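S.K.: In order, the protein sequence lines correspond to chains A and B.
Just so you know, the first sequence maps onto residues 7 to 358 in my numbering.
Just so you know, the second sequence maps onto residues 7 to 358 in my numbering.
Derived from the structure by calculation, the hints contain no laboratory data.
From the derived model, a few chain A residues whose C-beta atoms are all more than 10 Å from chain B:
id, residue
1, 28
2, 29
3, 64
4, 95
5, 109
6, 124
7, 140
8, 141
9, 182
10, 229
11, 320
12, 341
13, 344
If you anchor each label on the Cβ, the simulated ranges turn out as follows:
id, chain 1, residue 1, chain 2, residue 2, range
14, A, 30, B, 302, 48 to 56 Å
15, A, 260, B, 172, 26 to 34 Å
16, A, 344, B, 298, 55 to 63 Å
These figures come from a predicted structure and were not determined experimentally.
By construction, the Cβ of each residue, glycine as well, lies at the ideal position given by its N, Cα and C atoms.
Residue-level listing of the chains:
Number of protein chains: 2
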Amino acid sequence: MTKIVILGSGVMGSAIAIPAARNACEIVLVGSPLDNELIDAMAGASRSHPGLGVPMPAAIELVKVADLSDTHFAGADVVLLGVSSPGLEWGLERICRHVQGRPTLMMVTKGLDLHDGRTTRTLPPLVDETLHRRLGAALPFVGVGGPCIAREVAEGQPTATVFGGTDPGIVDACRKMFQRPNYQVRTTGDLVGLEACAAIKNLMAIGIAASWSANPPRQGADPGRRNMNPAAGCFQQAFTEMAELCQWLGGEKETAYGLPGLGDLFVTVNAGRNSRLGLEIGAGLRVSQAMAGALAGETVEGVDTGHKLAVGLAHAFSCGDLDEATFPLTGALLTSIVDDVPFEIQTRSFWT
Amino acid sequence: MTKIVILGSGVMGSAIAIPAARNACEIVLVGSPLDNELIDAMAGASRSHPGLGVPMPAAIELVKVADLSDTHFAGADVVLLGVSSPGLEWGLERICRHVQGRPTLMMVTKGLDLHDGRTTRTLPPLVDETLHRRLGAALPFVGVGGPCIAREVAEGQPTATVFGGTDPGIVDACRKMFQRPNYQVRTTGDLVGLEACAAIKNLMAIGIAASWSANPPRQGADPGRRNMNPAAGCFQQAFTEMAELCQWLGGEKETAYGLPGLGDLFVTVNAGRNSRLGLEIGAGLRVSQAMAGALAGETVEGVDTGHKLAVGLAHAFSCGDLDEATFPLTGALLTSIVDDVPFEIQTRSFWT
Numbered sequence: 007m008t009k010i011v012i013l014g015s016g017v018m019g020s021a022i023a024i025p026a027a028r029n030a031c032e033i034v035l036v037g038s039p040l041d042n043e044l045i046d047a048m049a050g051a052s053r054s055h056p057g058l059g060v061p062m063p064a065a066i067e068l069v070k071v072a073d074l075s076d077t078h079f080a081g082a083d084v085v086l087l088g089v090s091s092p093g094l095e096w097g098l099e100r101i102c103r104h105v106q107g108r109p110t111l112m113m114v115t116k117g118l119d120l121h122d123g124r125t126t127r128t129l130p131p132l133v134d135e136t137l138h139r140r141l142g143a144a145l146p147f148v149g150v151g152g153p154c155i156a157r158e159v160a161e162g163q164p165t166a167t168v169f170g171g172t173d174p175g176i177v178d179a180c181r182k183m184f185q186r187p188n189y190q191v192r193t194t195g196d197l198v199g200l201e202a203c204a205a206i207k208n209l210m211a212i213g214i215a216a217s218w219s220a221n222p223p224r225q226g227a228d229p230g231r232r233n234m235n236p237a238a239g240c241f242q243q244a245f246t247e248m249a250e251l252c253q254w255l256g257g258e259k260e261t262a263y264g265l266p267g268l269g270d271l272f273v274t275v276n277a278g279r280n281s282r283l284g285l286e287i288g289a290g291l292r293v294s295q296a297m298a299g300a301l302a303g304e305t306v307e308g309v310d311t312g313h314k315l316a317v318g319l320a321h322a323f324s325c326g327d328l329d330e331a332t333f334p335l336t337g338a339l340l341t342s343i344v345d346d347v348p349f350e351i352q353t354r355s356f357w358t
Numbered sequence: 007m008t009k010i011v012i013l014g015s016g017v018m019g020s021a022i023a024i025p026a027a028r029n030a031c032e033i034v035l036v037g038s039p040l041d042n043e044l045i046d047a048m049a050g051a052s053r054s055h056p057g058l059g060v061p062m063p064a065a066i067e068l069v070k071v072a073d074l075s076d077t078h079f080a081g082a083d084v085v086l087l088g089v090s091s092p093g094l095e096w097g098l099e100r101i102c103r104h105v106q107g108r109p110t111l112m113m114v115t116k117g118l119d120l121h122d123g124r125t126t127r128t129l130p131p132l133v134d135e136t137l138h139r140r141l142g143a144a145l146p147f148v149g150v151g152g153p154c155i156a157r158e159v160a161e162g163q164p165t166a167t168v169f170g171g172t173d174p175g176i177v178d179a180c181r182k183m184f185q186r187p188n189y190q191v192r193t194t195g196d197l198v199g200l201e202a203c204a205a206i207k208n209l210m211a212i213g214i215a216a217s218w219s220a221n222p223p224r225q226g227a228d229p230g231r232r233n234m235n236p237a238a239g240c241f242q243q244a245f246t247e248m249a250e251l252c253q254w255l256g257g258e259k260e261t262a263y264g265l266p267g268l269g270d271l272f273v274t275v276n277a278g279r280n281s282r283l284g285l286e287i288g289a290g291l292r293v294s295q296a297m298a299g300a301l302a303g304e305t306v307e308g309v310d311t312g313h314k315l316a317v318g319l320a321h322a323f324s325c326g327d328l329d330e331a332t333f334p335l336t337g338a339l340l341t342s343i344v345d346d347v348p349f350e351i352q353t354r355s356f357w358t
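Put together the whole structure using the sequences plus the hints.
M.R.: Dropping the structure here:
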C-alpha cells in the first residue's frame, strides 16, 4: 500500500489527501502547530474540515503536531508539504527530523525564495539545499501546480492539475497515486516554470482584482457588477508579464501559457485571499492597511512573493537583464507592496 | 473635421461612436432596419441608448435607415460597420449604394465566412470581394478587436482595444480618431489574426461558460457560486485551441496571446450572449432549445461562427492539415451546434 504523509492540514493539504485516499493510499495528515483545531474538527463526528465543508475519508489518519513521531513517517513513499509559505520552514524541519529512507517530497507550497539576500529563485533549490545540509542528501522532488481551489477538489469538482519534476518516472508514480476521474493530473518536466508560475500568479491576481475596485460600477448601476474591460486588459498584461518572469526565473514560457500559469491565474483572480487583497488596494487602501483590516491574520501569498521578487528584479533591471518597461503591472504591484504606498494601477501604461 | 459614418446603432456601433465624438469627430450614426426604436430613443430628451444606459453626445447625428441618402456619406473619412454578423450584408449593400471616394472601412462585426461552401476564412476577404464586385475596388480596411463590453466603453471605463490592418498609416490614422484616455487603441498588422480571434473567442466562451452550469455547486453550497476549477481547465484549453485555429486561419499565435485573443476571451466568458448560451447548454439544453428559449430573438455570434468553422475544419481534419485530437473543446462545441445534440463537455479529455 502506498503511504503518503501530508504535513499541514489547512485547506490545500487536506483537500489533496482526498483523491489519494480514494485511490486507497494510506494517508497520514499532520496538522501544523496552527492546525490543532482543524485536526480536532476532522476527528469529530462529522469528520468535516472547517475550510472544506466536506467529510474527510475515514481512512485518513489524523495527527496533531505534538503527537508526531518517526513512526508516522515509517515506510512513507511520499512526504507532501501541504503548508502555506510561512510554514515551509516548519515542514522542512519536521521532515529532516523524522524522515527515513528516500521518500519522494511533494510540495503544494507556493512562493519564491531570496537566495543570498539578492537572487530571486523558486522554492525547490531552497528545499534541496536545506535537505542536503541537514540530511546529507536531497529527496526526489515533485511540485504541484495548476488551477486548484481546495474546496472544489474536496467536493470532487472536475479539476486539472499539473505535477512537475525532473525525473519523469517519479513524477508519473506520483501522478498515479493522486489521479482520479475528477482530479486529472498532467505532468511536466519544467519544474522551475511550474513553481515560478504557482508563485507569480498570486502576485498578478492582486493586480487584476484591484482593477475591479479601482473601476467601480457607475452610480445607479448594479453594485454587484464588475467592469470587465479594465480587468481584461490587466489579465492579458498579467499573462504577458508572468510568462516573461517565468522565463527569467529559468522556466519555459509554454508553462505560463498552460494550466500552471494561465489556468491557475484564471482561478486565482476569481477566488481567494490574493484577489481579496487586490479588491482592498484597488479601493485605495495600502497593503499594510488591508493586511491589518479585512485580511488580518491571513496569509496572502502574493505579498511574500512580491517582496522576494522585488529584490531580484531590481537587480535584473539595474544590470540590464530585463527591461523595466516590460513590467508595468509587476512594477506597480511591487511598489505598492514594498513601499506600502497606494496602488497606482495606471492601466493606460499597459496598453500603449 | 474628421467624418465617420457608423452603420448599425446597436450597442457596439453606438458605443464606439462615443470616444470618436469626444475627439470632436463628426459622427453620423445610422440605424439598421432593426434599429428604428433605438434611434427614436437616442433622439429623445434623455438621448439615452436603451442598451447602453448613458446619454449619447449631442453632436452625433442620428439617422434612420429610411432617411439614409448619399448626402450622409459625403466627405466621410471612415465608414464603420457596426452591425452584428447577420447585418453585414445590409451594411455592405448600403456602403456600395452610397459611398463616395475612398473612405476607410472599419468593422466591429465579428464572424467567419464560408467561401465556396467549404473554406472557412475571416470576414475581410469577403468584404473586399463584395466591394470589388459592386464598386470595382475594395476600400482600405481596419478591423476592431480586443476586450470591449459596449456598455463599459459608453460609460468611459478604461478599455484596451486593438485596431488591425495591412496599411500601418491608415490603421494609425483610425487610432488617432478614436483614442481617448479611457479608450486606448493598440494597433496590429495581423488583421487576419485579429479577425480570427474576434470570432473564435465567441465560440470558445460558450464552452467555458457551459462548464459552470455543467458543474453546479453542491447541494447546500451558495447557489450563486461558480466552480472555477473546471472553468479554468476549459479556459486554458480554449486558449490553446484558439491560438491553433488563429494560426490555421492565417493569423499569428501571438495575436491570440494578446488582447484580441486572450483579453477578449476573458471578457466574453464573463458577459454577453455567448456566455448565456453556454450556461444553457451546460445545463443540458440543446442549442436549438436555448435559442428558442432564453435566447429567443438574439444573435449569438458563436453559433454562426461554429457553423462556418465546422465545414472548413472537417476538411482540414480529413486532409490531415490539422489533427482533430488537438481540438477536443472545439469538437464538442461544433458537434453540439451543428448536430444540435446535448453538449458533452468531457473535460477529462482536455486534460489527459
